[in-house]
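Participant: Chain residues, written in single-letter form:
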Amino acid sequence: MRKRIPVWLIGLIVTLAVILIPVAAFWPRASRPPDDPQAAIQPTPIHTSHADIVQGPLSTPQEVTRNCLTCHADAAGEVMKTTHWTWASEPFNVPWRDEPVTIGKANQINNFCIGAQGNQKQCMSCHTGYGWQEDASYDFGVQENVDCLSCHADPATYAKGDYGNPVEGIDLLTAARSVRAPTREICGKCHFDGGGGNGVKHGDLDQSLIFPTDELDVHMGKFDMQCTACHTTSDHQILGRIIADNYTVDPAEQVTCTQCHAQAPHADERLNSHLATVACQTCHIPAMAIKDPTKTYWDWSTSGQDLPEDHYTYLKIKGSFVYQKDFKPTYLWFNGNLAYRYLLGDKIDPTRPTLIDQPAGSLEDTDSRIFPFKLHVAKQPYDRRFSYLLQPITAGDDGYWTNFDWDNSFRLAEMIMGLEYSGSYGFAETYMYWPTTHMVQPKEDALQCNDCHSANGRLDWEMLGYPGDPMEWGGRFDPQ
Amino acid sequence: MKRKNLILTSALVILAGASVVGVAVARSTALPASQPSPIHPQFAFLDEQGMNVLESGAPVSTQRTCGECHDTEFIANHSFHSDMGLSDFGASGQARAWDLSNGPFGKWNPLTYRTLSAAGDGRLDMGTSDWVRANAARFVGGGPAAISRSGAALPSGDPNPENWNWTASGVLEVDCFLCHLPNPNNEARVTAIQAGDFRGAATATLAGTGIVDSVGSAYTWNRSAFTEAGLLATVTIQDPTNENCAQCHGLVHTGNIPLTLTGCDLTNWQTATTGQVISGDDVDQSGMNLADKDSLTRSWDVHAERGLECTDCHYSLNNPTYSVKEQAPSHLEFDPRRLEIGEYLQRPDHNLARGQSAQNTVAPGLRGTMRRCESCHETAASHTWLPYTERHMDELACESCHTPQLHAPAVESYDWTVLRPNGEAVSTCRGVEGASGSLTDLVTGFTPVLLSRQTLDGDSQLAPYNLVTAWYWVYDDPTGPRPVRLQDLQAVYLKGGTYLPEVVIALDSDGDGLLSEAELRLNTPEKVSVIATRLASIGLANPRIEGEIQPYSINHNVAEGEWATRDCRTCHSDGSRLTEPVTLAGVVPGGVQPEFVKDSNTRTTGTLAVTGELLTYSPATRDQNLYVFGHNRVPWVDWTGGLFFLGVLGAVVAHGGLRFFSALKAPRRRTETKRVYMYAVYERFWHWLQTFAILILLFTGLVIHRPAVFGLFSFPHVVAVHNVLAILLVINAGLSLFYHLVSGEIRQYLPRPYGFFDDAILQAKYYLGGIFRGQVHPFEKRPEAKLNPLQQVTYFGILNVLLPLQIVTGALMMGVQLFPQGAAWLGGLPLLAPFHSMVAWTFAAFVVGHVYLTTTGPRPLTSIRAMMNGWEEIEVHGEESVGDNPPTRKETP
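One line per chain: the protein sequences are E and F, in this order.
Sequential numbering of the first sequence, starting at 1, is according to the numbering used here.
Sequential numbering of the second sequence, starting at 1, is according to the numbering used here.
Okay, chain E solo, but in the shape it has when bound:
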C-alpha cells in the first residue's frame, strides 16, 4: 500500500509557502546586482613540471624545439602565425599607397632605435625565433627555429643574444626543464625593456610591474594578475594588438576592459554617460610611468659626441633624452585605429613634426573616444634630397654605434634594405603615439570631475574640438 503523505505535513508546507513566498517577494534587495569582473578571468592551467619530462642532452636550441614538438606537435606552427614570429602585420590597404602594405618591426621604422632591418644582430634578441640574420633572407617556415624558451623558460635560466640565439653559456636542458605558462616577468623581458631599456617605449609597461604594488596597477598589483589573464591565449594566438605597428585593428583582436567589466560599471549614471565619449583608460590611468620613468624625448642629432654620459640624459651612441615619471598622458580622440602610419619612403616636411603614427578619431567620429597616449618626440635622420626618413645601420661591426659615421650607416642600409640615400642627411622631428592602457588605478584614484572640468583641468577642450567645457557648453551627443 502506498504510504500517504501525512496531512499535517501538507498543511505545514502550504502554510510555510503562504508565508515565505510574500516574504521573499518583499525581501529588501541591493539596488544593483554586484559586478563580478573576476568571474570572467580564465583559470590559469595547472602547472605541469617538465623537470622529469624533458630528457637531455640538448646541445643546440633547435634540439630544444624539436624536443618540445614531440609532445606539442602543433605549437611551432601556431606560433608561426603570430606577429611574435613574423614581426609584420597582415597586409593593409592604405589610401596613400597603391599596393597593400604590411607594418611591423620587420620592415618599418619607429622613432626610438628607428629600424630593425640590418640591425638583426641586436634587435632579434626579442624575436621568438633563432638565427634571423642580416644577409640571408630568413626562412619563416623552419619550425625548429621557433624559440619556445623565450616565452616559457624561467627567466633566471634563459637569455637571448645575437640574432635571437641563446647567449653563450646557457644550460639549455635546465632552461627547457623550467618551462611554465608565461609570467609578467617573461613577457616583460621584451615588452618592459623595448627600445633599449626599462620603460623606454611604453609609458605604462616597465619592470616595476614584475612585483607591482597595489597602487601601481590594480590588476597586476592588487590581484596579481598575469598578462595572459587579459591577453587571453589559445593555440598561441594572443589577444591584443599594438596599434603603433598596425593600421587598423579588428575589435575582436583587441583586449578590452569589458571582457571582464560591465558595459556600464558605475553606480553613477553621469559617469556611465561618459563612456560614450571617454575611454575607461582616460580616467583610470591618471598618470603614466608611475614608478619607473619613461623616455619622452630622444634627439639623435646630438649623438656621437664625447659628452658626459648618463642613462637618462645622454649616451654617445644614442644622443640626448628626456625621461619623465608619474606624468599626465596626452589625450586624443581614438577609435582604435590609425589615420596614418609612416611607411618607409613616405615623404615628410622636415620643417614640421612628422607623425610616425596618428591615432584615428575626432569629435565627429562617434566611434572614437578620448584616450590617453604617451607621446614620444624624437629628432631622427632624414634624407634632405628625397625628403624621407632614413634608417641607419647601428648594430654590427660597421654600424653607427661602432664608428659613429652617419653617412656610412645610411649607405649600409641602402645596400641591405634598398632605401636609396642621396648622401645628404639632416634631422627632423617626429611624433609617435603609444596608447596607455596598463597601470590602471581603482576608483579611489581615478580622475574626478574637476580634473578635467575646471579652470585648470587637464583636457584642452578646444583642441579636442569642443567650443568649451562640455559640462557647460554641452557634449557631442547633447541636442544643440
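Calculated directly from the structure, the hints in this document are not laboratory data.
Since the model is a prediction, treat every value here as computed from it, not as a measurement.
Hints are supplied without guarantee of correctness; some may be wrong.
Computed list of lysine-lysine pairs in DSS-like fashion (alpha-carbon distance at most 30 Å, straight line) [as the list claims (entries may be wrong)]:
id : chain 1 : residue 1 : chain 2 : residue 2
1  : E       : Lys443    : E       : Lys291
2  : F       : Lys765    : E       : Lys328
3  : F       : Lys293    : E       : Lys291
4  : E       : Lys443    : F       : Lys293
5  : E       : Lys189    : E       : Lys325
6  : F       : Lys765    : F       : Lys781
7  : F       : Lys495    : F       : Lys527
8  : E       : Lys347    : E       : Lys291
9  : E       : Lys222    : F       : Lys527
10 : F       : Lys765    : E       : Lys325
11 : E       : Lys81     : E       : Lys189
Per the computed footprint, the stretches of chain F lying under chain E, defined by three or more beta-carbons under 8 Å from a beta-carbon of chain E, are [claimed, not checked]:
id : stretch
12 : 304-317
13 : 723-736
14 : 777-788
15 : 797-811
All residues carry an ideal CB built from backbone N, CA and C; glycine is no exception.
Dock chain F against the given chain E, drawing on the hints supplied.
Facilitator: Quick look at chain F alone, frame taken from chain E:
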C-alpha cells in the same frame, strides 16, 4: 634639481610644439590664474571726484569707477555682505540684551568678543570706525562703513564717541575688486583699513596686480597698465570664484599642493566654526595627519569635486540664469517676461541666495532664498534601498546622512572668563588630538550633532550642527547688561603680558607660581569670586559669568551616497547617534550651565550633564517628536508587559507542575474517549497560519524593539519580514472572519449571556481544582461547540479588542510615511509604538496560556494533534452536559 628643470623645460617645449601642428595635447601646467575677461570692456579708474586716477593720482573709488556702467548705488543697497545688519539696526527682539541688530554690525559674537557700543554706553568698547577696523578681514565695505546708523552718509549721524576723523580716513566703499578680480590683495586691503586708510583700501586691493606700484606707504598708479586713453589695458574682471569667497568664509582648496590645515584658527571662519572644507580633493590626498587617512577616499565636498562653485547655489537673486519666477500664475509654465541679461548686468542684485543657517542671522528676510538639496536632486529613485524613504526624508535633512563626518577640527569652546597671556580666550577645538597647532596633531574629525531644525515653512528636520559653547563675564552698565570689555578684562588679568600676582595666587592650583593652560579655569567659587571682586573694583556692577551655546549648521562637505550613513543601527540602536552625548567643554566656568542662543532656529530640549568637569549635551528625540525603533522605549510599558508575560508563564508552570505531581500521586483513570472530526481543513489552515504569523511577528517585533540584543539579525530585513507577516495576518484574519460569518461558526465565539457567569465559574473551578483530581472537563467539546466559556470570553477580548488595536496601531505605524496625518492625529509614533509594544506583550502572554491549555485534554498532545489532523479524541460525556451538575457525577457509569 637641475635635471628636473631640464626635463620640465624640454617637456614644455615639446608640448608647445604639439599645439603648433594642431594636435590636441593635454596641458602640462595650470593656466595662468588670471585670463583677460572675455566680455568686460576696458574702463577708466576714477577717484571720488570722478577724475581719472592717472590724472589725479588719488585712490580709486569703486562706486565711481564701476558706477560708470553698473548701478553701484543699487548694488550697495542690495548686498547683505555690505549691510551687515545696518538696515535693521536697533530692531527689537534680539538674542542677547546687548545685541543691536541681526548682523555682525551690532550683533555680538562671543568668538570675536568685542562689542559695538550703543550710543550712550557708559564704557566705550567699539565705535563705528573701531568696528570697521576690527572686522576688516571679513567685511567688504559699504554699509556701516559708508552710511551711519541713522541712514545719512558718513560721517554725519555717526555717534562717534571714539572721535574718529572721518574726513581724513574717508569712507570704506564696497570693494568690488575683492570678489571680482582673480588675485585681489586682501592682506594689503586689511592693512590699509586697520591703518585707518579707508579711502585707499580698494586701491590697496590692487597691490601686486601691476595696476598700482607700491611705493612706501602710498600707492602710485602704474601708467603702463593703462591704454593711452587712460583705460585699464588688460581687464580680468570675473564672476566670483570659490577663492574669492574663501577670503572671508573659510578654507577653499584647489591645485596640486596637498591641502594642509591646522587647529581651528578663526581666519578660516567657516572651517573653524563648522569643520567644513571646500575642496574637490580626496581627503586622503591631503597633507594632514588624519586618523584612518588611507581609508578616506571620499572628497571633502562632492559638489566641489563635481565642478560646482559657491555661486552656483549662492547666486545673485535676480540673475536670470538661476532665478525662478515663483510668482508666475498657475496657467503659465514659463513666463518670458523677465530680466534681460543687460538689465541684470546694470543692476545685479548683490543679495545672494542664502539658506536658513543657525548662525547667520543677517538679512532675515532673505532666509531660505536658496534652493535646497531636493531642488536639484531627485531623491526617490536614488533611495530605493532605504525603507520608509519618505518618512526618513520628512524627519531628516539630507545633510544628516550625507555629511556623516567632518574631517577637520572645529571650535568647541571659548572661555572668556579667563585670559591667556596674549589677552585671548582659552579656546578648545574638537576633532583633533594634541593642541600644538601643528601638522603633527592627529586630526580625528568629528561627527556632527543632529538637532531639530525649525524651517521657515513650519516644518522641522534633524540636521547636523557643530556646537560652540562660550562663557564670558557680564556686568550691568547703566544702559543694560554688557559683556565686560576686553580691555577691562585684560586689565583685571594682565599687566604687560604677564599675569598679575593676585590672579596667579588665585588660580595657581599646583602652587608653582606660574599659570599653565590647565590652570586657566574658574572651577571653584573662590576663583570666581576673586575675579568678580577684581572686576567690581574697576567699577563694573554685578559682574557675573554667563554661558551660551551657539549651534553652527553644517550644510557643506556633503559626501556621495557611498559615504553617506547607510547603517540603520547608526540611529536605530541603544547608542543611537540621535541622542549621543556631545562634549561641549572640559570645564564649566563658575558652574554656569550655558544656554542655547535664542535665535538659532533649533529646538534643543536635551540634557546638559556635567561628568567630573566635562560638560556634555545629549539631544532629545522629542525635539523632533520622534520614536526611533530600536532606540526609544517606554520602560514602564516593557516592565508591565514583561511582568504580565512572566506572571502568565509562572502560573502555567505552577499549574502544570501541580497537575504533574497530582497525576503521579493519583494516576488518572482512563476515561472513555471517542474520535470526533473536530476541525475542518480550513479551520486548521487559518489557525496554523495565524500561529506562524503571530510567533514571527512577536519575534521580529522584539528584534526591532531591542536590536542590540539580537545583533545577528539585519535590521531592515527584520522590518520587512515584520511588515509582510503583519499584512498576512490581517488578510488571514479577514478571510477567517468571512468564513466564520458565512458558515455561522461565528456563533461559537459569542458567549451566550444567559448563565454565562455560572458556566465560567464552573470552568474556572475545574481548572483550579477538578483538573488535579482527574475530573473530566465540565463542558464537552463538540465540533459545533468547541469553546468553553472561558475560551469564549478570552477570544472575545482578543479578537475584538487586542487584535484590532494591534492592527490599527501597526497600520498607522507602517503607514506613517503614506498618511502621516493619521499617526499624528493619534499622537504620532511616540504614543502608537509603546501601545503596540504593550499589546504585543499581551499577545505573547496569551500564546503561553493558550499552548498550555491545549495540554489539558485527555492526553497532553491530544488537542494539538487534533489541530493538525482534524480528528480529536474527546472524553465521552454521557449526556448533554449541564452546568450546575457536579462534574463528578458524569463519571458514574
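Participant: State for each hint whether it applies.
Facilitator: Structure-based check of all given hints:
1. E:Lys443 - E:Lys291: holds, 19 Å
2. F:Lys765 - E:Lys328: It is violated: about 93 Å lies between the C-alpha atoms, which goes past 30 Å.
3. F:Lys293 - E:Lys291: Holds - the C-alpha atoms of Lys291 of chain E and Lys293 of chain F are around 22 Å apart, at most 30 Å.
4. E:Lys443 - F:Lys293: Status holds; Cα separation ~17 Å.
5. E:Lys189 - E:Lys325: holds, 20 Å
6. F:Lys765 - F:Lys781: Status holds; Cα separation ~17 Å.
7. F:Lys495 - F:Lys527: Within the cut-off at roughly 19 Å; holds.
8. E:Lys347 - E:Lys291: Not satisfied, since the Cα-Cα distance of roughly 38 Å exceeds 30 Å.
9. E:Lys222 - F:Lys527: violated, 61 Å
10. F:Lys765 - E:Lys325: violated, 96 Å
11. E:Lys81 - E:Lys189: It holds: about 21 Å lies between the C-alpha atoms, which stays within 30 Å.
12. 304-317: n = 4 at 8 Å, threshold three: holds.
13. 723-736: holds (count 5)
14. 777-788: violated (count 0)
15. 797-811: Not satisfied, violated; 0 residues make the cut.
Of the numbered hints given earlier, the model fails hints 2, 8, 9, 10, 14 and 15; all others are met.
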